[in-house]
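J.: Chain by chain, the residues run as shown.
Protein chains: 2
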Amino acid sequence: MQIDLEQPILAKNDALAEENRVLFAEKHVFVLNILASPGSGKTSTILATIEALRDEFNIAVIEGDIASSVDSEKIKAQGIAAVQINTGGACHLESNMIRKALDVLDLDALDLILLENVGNLVCPTDFDLGENSKVMILSVPEGDDKPLKYPGIFQVAEAVILNKVDTMPVFNFNEEAFTDAVRQLNPQAPIFRMAATTGEGVEEWANWLAEKIRAIQ
Amino acid sequence: MQIDLEQPILAKNDALAEENRVLFAEKHVFVLNILASPGSGKTSTILATIEALRDEFNIAVIEGDIASSVDSEKIKAQGIAAVQINTGGACHLESNMIRKALDVLDLDALDLILLENVGNLVCPTDFDLGENSKVMILSVPEGDDKPLKYPGIFQVAEAVILNKVDTMPVFNFNEEAFTDAVRQLNPQAPIFRMAATTGEGVEEWANWLAEKIRAIQ
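Those sequence lines, one after another, are chains A and B.
Position 77 (the first sequence) corresponds to 78 in the numbering used here; numbering is contiguous.
Position 163 (the second sequence) corresponds to 164 in the numbering used here; numbering is contiguous.
Calculated directly from the structure, the hints in this document are not laboratory data.
Treat each hint with caution, since some may be false.
[As the list claims (entries may be wrong)] For each label pair, taking beta carbons as the anchor points, the in silico distance ranges come out as: (1) A:167 with B:176: 13 to 23 Å; (2) B:215 with A:79: 52 to 62 Å; (3) A:52 with B:185: 31 to 41 Å; (4) B:169 with A:74: 20 to 30 Å; (5) B:189 with A:79: 47 to 57 Å; (6) B:77 with A:176: 20 to 30 Å.
From the three backbone atoms N, C-alpha and C, an ideal C-beta is built for every residue, glycine too.
Given the sequences, and given the hints that come with them, work out the whole structure.
T.: Below you can see the structure in the form of structure tokens.
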């Protein structure tokens with residue numbers, strides 16, 4: 002037995018997202034919206050990306066969390082500007098939150114803003130923040146069946162990072178099944194195999210992102 | 002810089018949850034609402050729980066997913082009744098969905114219904130389904146800082162399962178910090194250390210649940 006229920010897409014924030022997009026374009030700032038589950042390694046990926054790109058680009062980070070500022074503190078410890086947004090319960094960032102965070106960042110001095118969305122494979126999918134690109138991270142321990150269960154997020158992503166590949170021997174992760182399922186949903190998106198904490202695969206990912214940033218400068 | 006935003010709790014489904022609760026009580030069926038991230042091992046935990054309790058109790062499962070029926074198929078393969086709910090985008094189960102699923106289950110013949118909520122540490126927290134108890138699962142690969150970032154779900158849980166403890170050597174998981182953080186949010190909840198796929202710790206968890214079920218029979 003299967004029950005299907007419909008829900009209208011909540012897209013009321015699109016007008017403000019468009020304003021953000023115009024502003025980012027004017028300032029030649031590339032904005033990357035990073036979507037993933039809790040614990041998939043979003044912050045580690047951001048730290049590795051900063052390390053790889055900070056010599057060429059000026060970077061800032063906007064951290065979205067239900068509560069706490071542990072992530073933005075980790076970023077600031079690297080000498081990078083970080084704004085913490087606590088959504089107070091909401092399971093995704095919205096474009097008005099981004100707009101408020103922009104008030105405290107110097108867009109003229111920036112090339113790249115990394116948005117760490119709230120840890121969630123569902124809610125952030127439909128919320129346009131005015132970003133240039135969405136990427137999603139899946140970590141090996143989460144399992145290879147996630148594209149089947151959360152197709153929307155795999156469809157909106159311009160690139161997919163498969164993180165924690167160093168733990169593949171520990172988990173029963175079928176990489177071929179995963180890749181096939183992603184391809185079904187999103188034939189174009191590159192899949193970057195990565196272990197953000199060890200540095201494995203970071204260079205290939207960072208090169209892809211660097212090209213995107215250069216293209217709008 | 003920190004920005005705090007409020008969001009009203011969406012509790013419109015509470016009246017129907019109350020009807021569900023009355024029905025469950027009349028039929029002496031214990032209903033467990035299982036909350037966790039994608040990939041934390043909800044389905045494995047359900048399979049291990051079925052294995053531990055099926056000799057004593059009649060069990061059915063209601064599976065909530067955005068899409069797909071992979072989980073309910075795994076349950077049915079064990080000879081257990083399973084109803085798949087596809088929420089079509091919604092990041093949590095609601096009490097009207099449960100009500101529809103009940104139409105196809107024989108409550109008179111059941112002692113226990115396991116509700117696998119949509120994989121999400123945020124949305125399901127505030128949605129009462131009429132269940133007797135909520136439990137939440139955190140898996141070791143997700144990291145020890147999750148109680149700080151997702152406090153709400155740790156507060157509403159009557160018990161916390163720490164799953165995939167067999168992978169602790171691979172991850173930099175500080176169990177003491179985790180336990181302290183859970184205790185801050187929820188001093189009473191037992192924390193069950195478990196590895197659902199190997200069976201480690203399942204007996205202690207199943208004994209706790211069995212007592213709850215017997216108490217309402």
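J.: Give a verdict on every hint.
T.: Here's how the hints hold up against the structure:
| no. | hint | result |
| --- | --- | --- |
| 1 | A:167 with B:176: 13 to 23 Å | holds, 21 Å |
| 2 | B:215 with A:79: 52 to 62 Å | holds, 54 Å |
| 3 | A:52 with B:185: 31 to 41 Å | holds, 33 Å |
| 4 | B:169 with A:74: 20 to 30 Å | holds, 25 Å |
| 5 | B:189 with A:79: 47 to 57 Å | violated, 39 Å |
| 6 | B:77 with A:176: 20 to 30 Å | holds, 27 Å |
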